[in-house]
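Numbering (full-length UniProt numbering) for the sequence shown: 1 to 170.
Please keep in mind that the hints were generated in silico from the structure rather than gathered at the bench.
Keep in mind it's a predicted model, so treat the numbers as computed, not measured.
Just so it is clear, CB atoms sit at the ideal spot from N, CA and C, and this is done for glycine as well.
Please note: incorrect hints may appear among the correct ones.
[Stated by the list, open to error] Below, in silico cross-link-like pairs of lysine-lysine (DSS-like), each with a Cα-Cα straight-line distance of 30 Å or less:
1. Lys65 <-> Lys34
2. Lys58 <-> Lys153
3. Lys153 <-> Lys65
4. Lys34 <-> Lys58
5. Lys65 <-> Lys152
6. Lys58 <-> Lys152
[Claimed, not checked] Across the chosen pairs, the derived CB separations fall in these ranges:
7. Asp88 <-> Thr19: 12 to 20 Å
8. His27 <-> Leu117: 33 to 41 Å
9. Gly20 <-> Arg42: 34 to 42 Å
10. Ser118 <-> Phe32: 39 to 47 Å
11. Pro67 <-> Lys153: 14 to 22 Å
12. Gly156 <-> His27: 24 to 32 Å
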Amino acid sequence: MTLTHSCNTPWADNWLVDTGDEPALHHGLSAFGKMVLEEMNRLGMIVDLAHVSVDTMKMVLTLSKAPVIFSHSSAYSLCQHRRNVPDDVLRMVAATGSLVMVNFYNAYVTCRDTATLSDVAGEDGHWAGGGWQCPPQPPHPSPSTDHMDHVKKVAGAQSVGFGGDYDGVS
Numbered sequence: 001m002t003l004t005h006s007c008n009t010p011w012a013d014n015w016l017v018d019t020g021d022e023p024a025l026h027h028g029l030s031a032f033g034k035m036v037l038e039e040m041n042r043l044g045m046i047v048d049l050a051h052v053s054v055d056t057m058k059m060v061l062t063l064s065k066a067p068v069i070f071s072h073s074s075a076y077s078l079c080q081h082r083r084n085v086p087d088d089v090l091r092m093v094a095a096t097g098s099l100v101m102v103n104f105y106n107a108y109v110t111c112r113d114t115a116t117l118s119d120v121a122g123e124d125g126h127w128a129g130g131g132w133q134c135p136p137q138p139p140h141p142s143p144s145t146d147h148m149d150h151v152k153k154v155a156g157a158q159s160v161g162f163g164g165d166y167d168g169v170s
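Let the hints inform the model, and build the full structure from the sequences given.
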């Protein structure tokens with residue numbers, strides 16, 4: 001269950017707080033929000049942080065007794081959209097065994113109207129001759145520019161997946 005969408009709830013602040021479009025009501029979770037998180041953990045519910053503020057992300061990752069997910073978010077350092085996950089939070093994701101499911105919505109991947117698969121997951125090869133062909137590795141690898149690799153480098157391979165939102169992405 002996601003804790004917010006595009007408005008604050010009585011238990012958590014949403015991502016629009018970080019844009020300045022909405023005021024912070026709880027600076028993360030309210031006292032009731034901490035109870036909601038505790039009950040979600042007790043019931044074995046998956047906590048989704050895809051639409052929350054950075055303060056909410058940090059508070060939940062600190063307090064949760066179980067790993068959480070970002071069901072459809074990308075790397076903030078590659079695209080400064082407030083729905084994306086900053087590197088300091090990615091390190092908390094790694095420390096808690098949590099998961100960032102990289103979104104492939106243009107605005108969260110390139111901060112523009114267009115994006116390609118290589119912006120999300122790179123282009124490390126192609127299908128040819130009945131198998132996957134990998135290109136030769138350059139002698140000096142370039143820095144990561146795709147979201148999957150970035151999350152993997154900061155949080156670890158166990159912390160990254162694909163996340164297309166509940167309706168895919170149209």
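Range agreement (Cβ of Leu117 with Cβ of His27, hint 33 to 41 Å): Hint holds: Cβ distance 38 Å, inside 33 to 41 Å.
39 to 47 Å as the expected CB spacing between Phe32 and Ser118, which holds or is violated: Once the Cβ atoms are compared, 43 Å apart, the range 39 to 47 Å for Phe32 and Ser118 holds.
Pair hint outcome, Lys153 versus Lys65 [Cα-Cα no greater than 30 Å]: Judged against 30 Å, a Cα distance of about 25 Å means the pair holds.
Whether the CB-CB distance between Pro67 and Lys153 falls inside 14 to 22 Å: holds (19 Å)
His27 and Gly156 - C-beta distance against the hinted 24 to 32 Å: Check passed, 29 Å falls within 24 to 32 Å.
Distance restraint between Lys58 and Lys153, which requires alpha-carbon spacing of 30 Å or less: holds (20 Å)
Hinted pair Lys58 and Lys152, Cα distance within 30 Å: holds (19 Å)
CB-CB spacing for Thr19 and Asp88 relative to the 12 to 20 Å hint: Since the Cβ atoms of Asp88 and Thr19 sit about 18 Å apart, the hinted range of 12 to 20 Å holds.
Restraint check for Lys34 with Lys58, where alpha carbons must lie at most 30 Å apart: Satisfied, since the Cα-Cα distance of roughly 13 Å is no more than 30 Å.
Straight-line alpha-carbon gap Lys65 to Lys34, limit 30 Å: The hint holds at about 12 Å.
Whether the CB-CB distance between Gly20 and Arg42 falls inside 34 to 42 Å: 35 Å Cβ-Cβ, so the 34 to 42 Å window holds.
Pair hint Lys65 and Lys152, alpha-carbon separation not exceeding 30 Å: holds (23 Å)
Hint compliance for this structure: no hint is broken.
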